[in-house]
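Chemist: Residue numbers (numbering that gives the first Met the number 0), protein chains in the order written: chain F, 0 to 324; chain C, 0 to 112.
Hint data in this document are derived by calculation from the structure and do not stem from the laboratory.
Beta carbons are placed, not taken as given, at the ideal position from N, Cα and C, and that holds for glycine.
There could be a bad hint or two in this list.
Stated by the list, open to error - A few chain C residues that face chain F, going by a derived Cβ cut-off under 7 Å, partial list only:
hint : residue
1    : H3
2    : M6
3    : A7
4    : A56
5    : V59
6    : T87
7    : Y89
8    : L92
9    : S93
Claimed, not checked - Computed list of lysine-lysine pairs in DSBU-like fashion (alpha-carbon distance at most 35 Å, straight line):
hint : chain 1 : residue 1 : chain 2 : residue 2
10   : F       : K134      : F       : K178
11   : C       : K83       : F       : K131
12   : F       : K221      : F       : K261
13   : F       : K181      : C       : K83
14   : F       : K174      : F       : K143
15   : F       : K120      : C       : K112
16   : F       : K134      : C       : K112
17   : C       : K83       : F       : K33
18   : C       : K83       : F       : K134
19   : C       : K112      : C       : K83
20   : F       : K78       : C       : K112
21   : F       : K123      : F       : K181
22   : F       : K313      : F       : K33
23   : F       : K178      : C       : K83
24   : C       : K83       : F       : K78
Unchecked claim - Short derived list, chain F residues pointing at chain C, Cβ under 10 Å:
hint : residue
25   : C55
26   : K150
27   : E163
These are the residues of each chain, in order.
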Amino acid sequence: MNAVDEPILRVSNLSKTYAGGFEALKDISLEIQKGEIIALLGPNGAGKTTLISAICGIVRPSSGQVTVAGFDIARDYRKTRALIGLVPQELTTDSFESVYNTVAFSRGLFGRAPNHAHLEKVLKDLSLWDKKDNKIITLSGGMKRRLLIAKALAHEPRVLFLDEPTAGVDVSLRKDMWKIVKELRESGVTIILTTHYIEEAEEIADRVGVINNGEIILIESKTALMQKLGKKQLILDLSESLSALPAAINRHDLAISDDGMKLTYTFDTQSERTGITALLDDLKAAGIQFRDLNTTQSSLEEIFVNLVDESSEKNSAAVNGAAAE
Amino acid sequence: MNLHGVMAIYRFEMSRTRRTLIQSIVAPVITTSLYFIVFGAAIGSRIQEVGGVSYGAFIVPGLIMLNLLTNSISNASFGIYFPKFVGTVYELLSAPVSTFEVVLGYVGAAATK
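In isolation and in its complexed conformation, chain F is listed as follows (with noise of 0.2 Å):
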């Protein structure tokens, strides 16, 4: 392998066992490639916020190897450090500091020299310029979001992470932020990303990650979701119970309920053609009355939920499983 297809980010067999014996992450394996937009998604205690904190050095792995630009981040942390910048969730700052010393501070830390005229940009892509000599804590929360990024973009990072940037942030501050984040990209940076915020992870995203239970349930392209996503449901209400479908109507692909009152037909909208007419005519030939019909349509959301939903029930099942043993 050369150096050009190497991964920006591999993760490898990723495990965390908290002190108390919480399993936060179950062998996590991912690979991220260079100027990726990449949103994970996942309920509240996950395994989101560790992973990435595995991957920074703040919570030490138990097992498993994590690489960045083909440096292992124990062994070579300070290449990777210096290759990674990390907004965190929580609103932490140093009060008492102004906006300018913390930003040219977090650039020392990460061992760059001081460059006066990088801060200023990003302070200025930040909207944070006219508050450079403000003490961190007269600013809003907003700003103090913002303060973190420039505080994470202040060594030039070529990974950042984003862990739940939008959250408790206005509707065009938000918007600020993704066309923020999209430029960085434009400049080549990997983002890495969690987010609630599911329409926003599919806006910017070029693949979703879902996980649960510190395991990755699904990592895809946006496309591939979107194709799920353009997966609609027919639902027609019978007047008369049907025991079977008749042999004419077999071919649609037709689902009945147990009672025979209800038949679903699922197609994807996104192709040219959807087979309704035909269905509907079927229908009418062999002589099936229907007295409602309605079209549902699954969501990102959807099938997130979906997902969480399955994996859960799945882990549960496992433990009582274990437990009967």
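Let chain F serve as the given structure and place chain C on it in line with the hints.
Modeler: Using the frame of chain F, we list chain C on its own:
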């Protein structure tokens, strides 16, 4: 060796020192004077000599050293403990600095103070 990192910690701590100059110098001076006045009024007048030195020569250097030591220790430890308490320590933990460099930065600043 991440010298920029050491310097960043050092400068950060020194800027905190400048910010807290009044509380670290004026406040101890006032407490020391109060100690001196109160103790002096209460028991000073009854003690002529302690171990061969006069009461004033005994109590003043003692009080000054007491305050000096307490202040230098609390000031230095505050700079390390407070980030841990409020959570800003994440940055130090995720930075490419070794334990030695962190200690060098903090202790260097504490010693300068």
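Chemist: Does the structure break any of the earlier hints, and which numbers would those be?
Modeler: 4, 5 and 27
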